[in-house]
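Peer 1: Sequence:
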Amino acid sequence: MSATASAEHLPRRVTITEVGPRDGLQNEPVVLRTAEKLELVHALLNAGVTAFELTSFVSPRAVPALADADELTAALRDRRDVHLSALVPNPRGAERALAAGVDAVVLFVSASETHNAKNVNRSVEASLEGFEAVARTLEGSGIELRGAIATSFGCPFEGDVAVGDVGRIAQRFASLGVRHVSLGDTTGMATPPLVTERIRHLREVAPEIVPTLHFHNTRGIGLANVMQGLALGVDRYESSIGGLGGCPSRPAPRAISPARTWSICSTRWASTPASTSMA
Numbered sequence: 001m002s003a004t005a006s007a008e009h010l011p012r013r014v015t016i017t018e019v020g021p022r023d024g025l026q027n028e029p030v031v032l033r034t035a036e037k038l039e040l041v042h043a044l045l046n047a048g049v050t051a052f053e054l055t056s057f058v059s060p061r062a063v064p065a066l067a068d069a070d071e072l073t074a075a076l077r078d079r080r081d082v083h084l085s086a087l088v089p090n091p092r093g094a095e096r097a098l099a100a101g102v103d104a105v106v107l108f109v110s111a112s113e114t115h116n117a118k119n120v121n122r123s124v125e126a127s128l129e130g131f132e133a134v135a136r137t138l139e140g141s142g143i144e145l146r147g148a149i150a151t152s153f154g155c156p157f158e159g160d161v162a163v164g165d166v167g168r169i170a171q172r173f174a175s176l177g178v179r180h181v182s183l184g185d186t187t188g189m190a191t192p193p194l195v196t197e198r199i200r201h202l203r204e205v206a207p208e209i210v211p212t213l214h215f216h217n218t219r220g221i222g223l224a225n226v227m228q229g230l231a232l233g234v235d236r237y238e239s240s241i242g243g244l245g246g247c248p249s250r251p252a253p254r255a256i257s258p259a260r261t262w263s264i265c266s267t268r269w270a271s272t273p274a275s276t277s278m279a
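Here UniProt numbering is used: position 38 in the sequence shown is 38, and no number is missing along the way.
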């Protein structure tokens with residue numbers, strides 16, 4: 001963490017998006033019923049969480065745990081105090097998300113060719129080209145397009161990931177009108193110096209993009225990475241209840257850093273955790 005960081009450089013408010021209902025539950029051995037998922041979401045709402053990455057509109061055969069994406073989203077869409085986003089892989093997923101009533105869709109791709117192939121069976125370029133069709137499907141709908149770049153800090157198969165690759169993907173997202181892009185630390189390879197490098201590069205090559213940070217606590221330094229993000233002025237983070245979740249294409253110690261970590265970190269550094277801020 002930068003020794004020169006001071007409170008004046010820190011964000012005044014921090015937006016936390018809870019990804020547990022999607023990232024946390026998609027690989028669990030026990031599949032929760034829709035009613036049980038709603039119970040979890042309502043408990044989180046009562047705790048003050050209002051922004052969720054709720055589910056993924058993928059094939060139920062591919063991810064059985066998220067087969068109820070339409071039903072789950074429809075049960076929550078009329079609440080004015082909640083912001084719902086969901087992953088979509090293709091135009092069909094976008095159509096389902098639109099009908100279900102999400103506020104935002106997340107377009108996801110890996111910075112690593114190998115990881116992207118194992119995760120979605122496509123090249124990075126093929127994924128990016130596919131996003132253009134998704135954008136056309138949702139044009140004029142009022143649904144926000146967001147981006148997510150997995151393996152932004154390193155790949156379990158290829159090792160180091162060039163910062164330029166992350167920047168080029170962010171630029172492609174920006175060309176589609178995406179404003180918010182999440183940098184995913186897919187298997188917990190991020191370090192504070194890497195966080196600094198990625199954020200500074202992103203701001204240089206795609207200044208219109210507002211970064212979100214998504215860390216995994218695989219090596220126990222998730223908190224250090226969060227604090228470095230705060231020192232750099234990053235005000236958007238993703239968390240998962242109880243640290244649930246991880247990379248389905250690479251079995252490993254998983255543990256996404258939970259919201260409790262963000263809260264402790266940001267309050268100690270004079271930023272107010274505020275998942276109610278959803279701009």
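It should be emphasised that the hints constitute simulated quantities derived from the structure, not laboratory data.
Backbone N, C-alpha and C define an ideal beta-carbon position, used for all residues, glycine too.
Treat each hint with caution, since some may be false.
Pairwise CB distance ranges, derived in the manner of DEER restraints [claimed, not checked]:
hint	residue 1	residue 2	range
1	H42	A162	24 to 30 Å
2	A35	D81	25 to 31 Å
3	G164	E28	31 to 37 Å
4	P29	G220	21 to 27 Å
5	A133	E71	23 to 29 Å
Peer 1: Check the following: the C-beta atoms of H42 and A162 are separated by a distance inside 24 to 30 Å.
Peer 2: The hinted range 24 to 30 Å is violated for H42 and A162, with Cβ atoms some 43 Å apart.
Peer 1: In this structure, is the beta-carbon distance linking A133 and E71 contained in 23 to 29 Å?
Peer 2: Holds: the Cβ-Cβ distance is about 25 Å, inside 23 to 29 Å.
Peer 1: May I ask you to test the hint 25 to 31 Å on the CB atoms belonging to A35 and D81?
Peer 2: Taking Cβ atoms as reference, A35 and D81 lie about 20 Å apart, which means the hint is violated.
Peer 1: Taking the CB of P29 and the CB of G220, does the distance hold inside 21 to 27 Å?
Peer 2: 25 Å, holds
Peer 1: Are G164 and E28 spaced within 31 to 37 Å by their CB atoms?
Peer 2: 36 Å, holds
In summary, the numbered hints that this structure violates are 1, 2.
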